[in-house]
Structures are given as C-alpha cells and as structure tokens.
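Asker: Produce the entire structure from the sequences given, and follow the hints as far as they go.
Listed below are the residues making up each chain.
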Amino acid sequence: MTKREKRLLLVAAVVGVAAVAAALVLTALNSAVAYFYTPSDLQKLEKTPVGLIRLGGLVAPGSVKFAEGRETEVNFVIKDEFAETAVSYKGVLPDLFREGQGVIVQGKLENGRVLASEVLAKHDENYMPKEVADALKEQGRWKEGETP
Amino acid sequence: MHNLANPQRFEKLAIRLTPLLSIAAGVTALFGLYYALFNSPADYQQGESVRIMYVHVPAAWMALMCYSTMAIASGVGFIWKHPLADVTAKSTAPIGAAFTFLALVTGSIWGKPMWGTWWAWDARLTSVLILFFLYLGYIALWSAIDDKTRAAKVAAIACLVGFINIPIIKFSVDWWNSLHQPASVLRGGGPTIHQSMLTPLLLMGIAYGLTFAALLLISMRAELAERRIARLEQSARAPSKAMIL
Chain W
616 MTKREKRLLL
626 VAAVVGVAAV
636 AAALVLTALN
646 SAVAYFYTPS
656 DLQKLEKTPV
666 GLIRLGGLVA
676 PGSVKFAEGR
686 ETEVNFVIKD
696 EFAETAVSYK
706 GVLPDLFREG
716 QGVIVQGKLE
726 NGRVLASEVL
736 AKHDENYMPK
746 EVADALKEQG
756 RWKEGETP
Chain H
7 MHNLANPQRF
17 EKLAIRLTPL
27 LSIAAGVTAL
37 FGLYYALFNS
47 PADYQQGESV
57 RIMYVHVPAA
67 WMALMCYSTM
77 AIASGVGFIW
87 KHPLADVTAK
97 STAPIGAAFT
107 FLALVTGSIW
117 GKPMWGTWWA
127 WDARLTSVLI
137 LFFLYLGYIA
147 LWSAIDDKTR
157 AAKVAAIACL
167 VGFINIPIIK
177 FSVDWWNSLH
187 QPASVLRGGG
197 PTIHQSMLTP
207 LLLMGIAYGL
217 TFAALLLISM
227 RAELAERRIA
237 RLEQSARAPS
247 KAMIL
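So the protein lines, in turn, are chains W and H. Residues in the first sequence are numbered from 616 upward in steps of one, following the working numbering. Residues in the second sequence are numbered from 7 upward in steps of one, following the working numbering.
Treat the hints as calculated values from the structure; they're not laboratory data.
List of simulated lysine-lysine pairs, DSS-like, C-alpha gap at most 30 angstroms: (1) H:LYS159 / W:LYS618; (2) H:LYS118 / W:LYS694; (3) H:LYS118 / W:LYS745; (4) H:LYS159 / W:LYS621; (5) H:LYS118 / W:LYS705; (6) H:LYS118 / W:LYS680; (7) W:LYS618 / H:LYS154; (8) H:LYS87 / W:LYS621; (9) W:LYS694 / W:LYS680; (10) W:LYS752 / H:LYS118; (11) H:LYS118 / W:LYS723; (12) W:LYS618 / H:LYS87.
Pair ranges (Cβ atoms, derived): (13) W:ARG619 / H:GLU17: 24 to 30 angstroms; (14) H:GLY143 / W:LYS680: 49 to 55 angstroms; (15) H:GLU54 / W:GLU620: 54 to 60 angstroms; (16) W:GLY727 / H:PHE139: 38 to 44 angstroms; (17) W:ARG685 / H:GLU54: 25 to 31 angstroms; (18) W:GLY631 / H:ARG156: 19 to 25 angstroms; (19) W:GLY631 / H:TRP181: 17 to 23 angstroms; (20) W:PHE681 / H:PRO119: 19 to 25 angstroms.
Quick caveat: nothing in here was measured; it's all calculated off a predicted structure. Glycine is no exception: its CB is placed at the ideal position from the N, C-alpha and C atoms.
Answerer: What follows is the structure, given as structure tokens:
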C-alpha cells in the first residue's frame, strides 16, 4: 500500500465513521428534532405532555373566531388529515395567518386545548404572483396548500 | 488541471480571469437586482417581502457550495498533496462564512414578518447555524497552528468530518417537521416557483456564483503571496547557512 492509498483510506474511514455517527444520532433524536407535533401525533401520545409544546397543522376553515371587538384574542382549530386540536391565543398574529394556512403554535396543553403563547405561520414551497394563483384557483386546478 | 498545479501558471491565469469574472458578476447582479426589485411580481401570500428571497436563497446555495468546494479541496490536498488544494480550501472558508452569515441574517429579516419570529430552533435553521460555526472553527484551526503543512492536514480532516452537515442541511426540511419551507427549486418534480420569479432568482444565483469565483481567485493570490513572503523572510533570517554549506 502506497502512502497515498493510506491517506485515501484514512479520509474514507474518517468520513464513513462521521456519517455513521451522524446517522445514529439523528435516528435516536428523530422525534426530538421535529419542530412540532401534529394533532394526530398529540392523539397518539400516551401521556399528556407537561410544559410547553409546539403544535403544527392547518388552520381549519371557518374556525377562526376573534373575541368581540378585539383583534388580539382569538380561538381557532388546528387540523391535519386525521385529527383536530383547539387553540386559544392572545397576541399579534403573523402576516401569513389565515384559514387554511399552515401554522405552528407554542403553548400549554390544558383539557385538550392549547393555550398558545406564540403563533408562527408556516410558509409552503409555492411562489407565484397573485394573478396566477387566482387564475389557477378559478380554473379549479389548484387549492391553497397544494403543490401545483 | 495539471497545468494549474504550478502556482506561477495559476497566478497568470488568475490575474487575467479576475477582472473578467468581476465584471460578469457585476453585470449579472445588476440585471438580477433589476428583475428582483422592479420587474418581478409580488407573491400571492408574502406580498413584497418575497423580494428578500432573491438575496437569501442564493446566499444559502453559496453557503453549501463553498463548504462543498472546501471539502473537495481538502480531500484532494490531503490525499494527493496538490499544491493549490490547501490554498483553495483555506481561501474559500471566509467567503463561505460570509455567505452563510448573509443567509442567516436575510432569513431572519424575512422570518419576522412572515413566520412571526426572528429565529426558531428548527432543523434547517439550526443546521445552518452549525455550518456557520464549522466555518469559524475551520478558520480558527488554520490560525491556531503555525506550521502550514500541519495546519492544512488538521483543518482538512475537520472540514471532511463537518461535510456530513451538508446533506443534513439540504434534507432537513424533508426529514423532519420544520418551520422552514421545503425546497422550491432543486426538488424532484420541478420547481414550484413561477417563471417570473425563477428568472430573477437564477440570475442572482449566477451573480453570487461569479462573485464567489472572483473573490476566491483574489483571496488565493493573497494567500500565495503571503506564503512567498514567509519563505523569503525565512531565507533572509538564515542567509549564512547557504554560504557555509
């Protein structure tokens, strides 16, 4: 084995070991790395989580109800394909918050309802001008939240 | 490639290429910025804030590309002892760190109005922050070890170990629930960006790439000059040795 082959082997071994280590760590961390629970994740949990949790999903259409005369007190429902969770929030909502929009809330879970201290709007991978979005919707070829 | 192994030949080529690349980068950036700021539509959801994307996304691309360049150069330098490989890797690091910093800052500025927060510890954001620290660590390693050959070896190994972070960054948005949106351009099934927005984005991407190439050549020449000075100083300090022998 020449010196160069030895060095090649060393580099391959170092990168290989690092890759395996990273893969093991990431698999072990899997659920901890996820930024949020979905409503169905929450249903599957055996114990109710204590302390702050994050919940992510779509704002259920028709579920957004503001407290009378106030824009900073709101109740809504977050849903995914299989489950729904109710959320209460006091505070300023981000620009992208709308019905049908993906959001992530952080807060405490009490009696199946999340009392949120923070609401983040998630953006999706679709970028298009308003006219295109309107035209696609009109033609029934696309709904918000889908990939066109 | 073998012609470039000779630092003198490389310098000649670099002197000729640098102004060409700089001019090309400037012109492309001018066109890109014109499209990005004036001649592209507002987004149906994000409104005018979408324009931040045209500086943010190419910066993030370059952050990944610079690290990949560094890793390849480190590997070539470590295994084949190519004389310019270490110089390439070392010179790329500060440029990559700057692009990463730009991506983090512009992302944060976009995140506040859109997501509602400057920062979130989600997988994408965190892994890019780690990338920034990897760049800083790599730069620190070079300056911590005086002997250049030893520094090159140690830094190369560190760089190659850190390379594992690059696929993690790329796929973080697919593997885990993250706040950051999934890929829009480099994805299976084609881009999900409307053509009117893709054009300025790609123009800016090319401008960033050319900027990187120009900066890299300048910084490599500076590094080669520094090494020459170090050699001259060394021989000036021990001039008698040659005479005695």
